[in-house]
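Undergrad: What follows is each chain in one-letter form.
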Amino acid sequence: MSQPPSDALAAALGPRPEPALAPLDRLSPEVRAELSRLVADARERQRREVKQAIDASLDHVPALLRGTIRKLLF
Amino acid sequence: MSTLDHLAERIKLARLLGFSEERLAFLSEVDPETLRALRERLTDTFIEDSRPLLSRAVKASRLLPVGLLAKVGERVIGPVLCARMSGLMEPDRAVEIAQRMSDAFLADVSALLDPRRAEAVIAAMPPARVVAVALILAARQDHVTLARFVGFLPDSTIRAVVEAVPDDEALLRTAFFLESKSSLDRLVGLVHEARLRRIIALVAAAGAELWAEALALMTHVGERWQRLIGDLTAEQDEPALVEMLHTTHRLDLWPSVLPLIAAMSEHAQRRFMALPHLRTPGLIRAIVHAADRAAAWPGLLPIVLHMEEDLRRHVAAEIEALGPGIFDRILPLRPLLEGRGQPSSTGPSALETAPTRVLPGLAAIALHLSDATRAELEALLRAYLPR
Numbered sequence: 001m002s003q004p005p006s007d008a009l010a011a012a013l014g015p016r017p018e019p020a021l022a023p024l025d026r027l028s029p030e031v032r033a034e035l036s037r038l039v040a041d042a043r044e045r046q047r048r049e050v051k052q053a054i055d056a057s058l059d060h061v062p063a064l065l066r067g068t069i070r071k072l073l074f
Numbered sequence: 001m002s003t004l005d006h007l008a009e010r011i012k013l014a015r016l017l018g019f020s021e022e023r024l025a026f027l028s029e030v031d032p033e034t035l036r037a038l039r040e041r042l043t044d045t046f047i048e049d050s051r052p053l054l055s056r057a058v059k060a061s062r063l064l065p066v067g068l069l070a071k072v073g074e075r076v077i078g079p080v081l082c083a084r085m086s087g088l089m090e091p092d093r094a095v096e097i098a099q100r101m102s103d104a105f106l107a108d109v110s111a112l113l114d115p116r117r118a119e120a121v122i123a124a125m126p127p128a129r130v131v132a133v134a135l136i137l138a139a140r141q142d143h144v145t146l147a148r149f150v151g152f153l154p155d156s157t158i159r160a161v162v163e164a165v166p167d168d169e170a171l172l173r174t175a176f177f178l179e180s181k182s183s184l185d186r187l188v189g190l191v192h193e194a195r196l197r198r199i200i201a202l203v204a205a206a207g208a209e210l211w212a213e214a215l216a217l218m219t220h221v222g223e224r225w226q227r228l229i230g231d232l233t234a235e236q237d238e239p240a241l242v243e244m245l246h247t248t249h250r251l252d253l254w255p256s257v258l259p260l261i262a263a264m265s266e267h268a269q270r271r272f273m274a275l276p277h278l279r280t281p282g283l284i285r286a287i288v289h290a291a292d293r294a295a296a297w298p299g300l301l302p303i304v305l306h307m308e309e310d311l312r313r314h315v316a317a318e319i320e321a322l323g324p325g326i327f328d329r330i331l332p333l334r335p336l337l338e339g340r341g342q343p344s345s346t347g348p349s350a351l352e353t354a355p356t357r358v359l360p361g362l363a364a365i366a367l368h369l370s371d372a373t374r375a376e377l378e379a380l381l382r383a384y385l386p387r
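Chain order of the listed sequences is A and B.
To convert, note that position 55 of the first sequence is 55 in the numbering used here; the numbers rise steadily by one, no gaps.
To convert, note that position 67 of the second sequence is 67 in the numbering used here; the numbers rise steadily by one, no gaps.
Simulated from the structure, these hints should not be mistaken for lab results.
Among the hints, a few may not be true.
To be verified - Derived coverage of chain A by chain B (criterion: at least 3 residues anywhere in the stretch with Cβ under 8 Å from a Cβ of chain B; other residues may be distant):
#1 23-29
#2 37-47
#3 56-63
Unchecked claim - A short, non-exhaustive set of chain B residues, derived as facing chain A with CB atoms under 10 Å:
#4 Gly18
#5 Phe19
#6 Glu29
#7 Leu38
#8 Asp49
#9 Lys59
#10 Ile77
#11 Arg285
Ideal placement from N, C-alpha and C gives every residue a C-beta, glycine not left out.
Using the sequences plus the hints, can you model the full thing?
TA: Spelled out as structure tokens, the structure:
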């Protein structure tokens, strides 16, 4: 029995992906690698964007509340 | 519906990943169900990645007035994060904030929202606001997003949207992208018959491309709606019906289209069966072979009753050419004779109802079978009928 792939896609799908995702283990190595790369890029970009957006929104919070909000956030 | 299913899933996955749909063309071999499961799993993963920070942001937002949150949300946070946060907020507060955002921004958020996670927010949105956002999505031709919300809005709101969107093609294309058969039945049930008639006329006028998609839809609706839609289709002029049959043949959709025709009223069936196009060389043969391949005899044999005698003779010849054992495939009687397929407490099984659908049609063609083939059919029926 072949080992399930261990890549960024597998990491994003988690340790127990549902049976409906099994066809992804049978993709050609090229297709799997490209999909894995897109998922990794998207995941990293979205983590970064969440942080940036929250940081940027602080600038719009009234100065009086900014410290409190910052403490709640970070 | 597989081509559109695939396109819809690629669009939704591409939006989640933040790429254009074209970037995912390399996934053409992956079936739509897998793409859907992938999207839903990745949505969960992406939300979990930022859940701690987003949850703290939602908590902190309780200190701020909704007017400010709406302004910051629209100008700074953006649609991706607003879509994520909406599922983490109290629905009433999320709606209050949304009410102060522009329709265009809410349309952006809707395109990125996972309706499963914001069901309460969607249900609590005032219908007038939903209609305003839907009109923008329709103008953007974002039928994928419109379709996603059908399963999450009350009937009254969907009806309001249907009535507000004047474009029949937008409605049809939205239906193409619905995610479930039940949503399709629901949507069809909320569209007035006069509008259904207009939509079918639109398909008929557009020709092959739209027929292919419309046929996929028509074969997915429940039998009640198949009858209505089928009857409205039969009202179209002959070239339109020929185009429909031609598309069915070209795409090998007979196994799905035969039950559709069988669901029509007798008058509509007669109209189809009287089309000279059915006499196109090879067409009857293709239909009979498709019925055999896909076990679609309960779709074909009822409509045989409405064929001219010469066409019935043709059907009989093609059935006979399928060789010995064909009647075991047409009439699933042997499992009944062998004690399988017994009646259940919930009603007759498919095995039991199938003979009643095919027997009259079989009787109609039996006259045209050779003696030997008719004897084979009679032997099977004799074994069954004493029961």
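Undergrad: Enumerate the violated hints, using their earlier numbering and listing them in ascending order.
TA: 11
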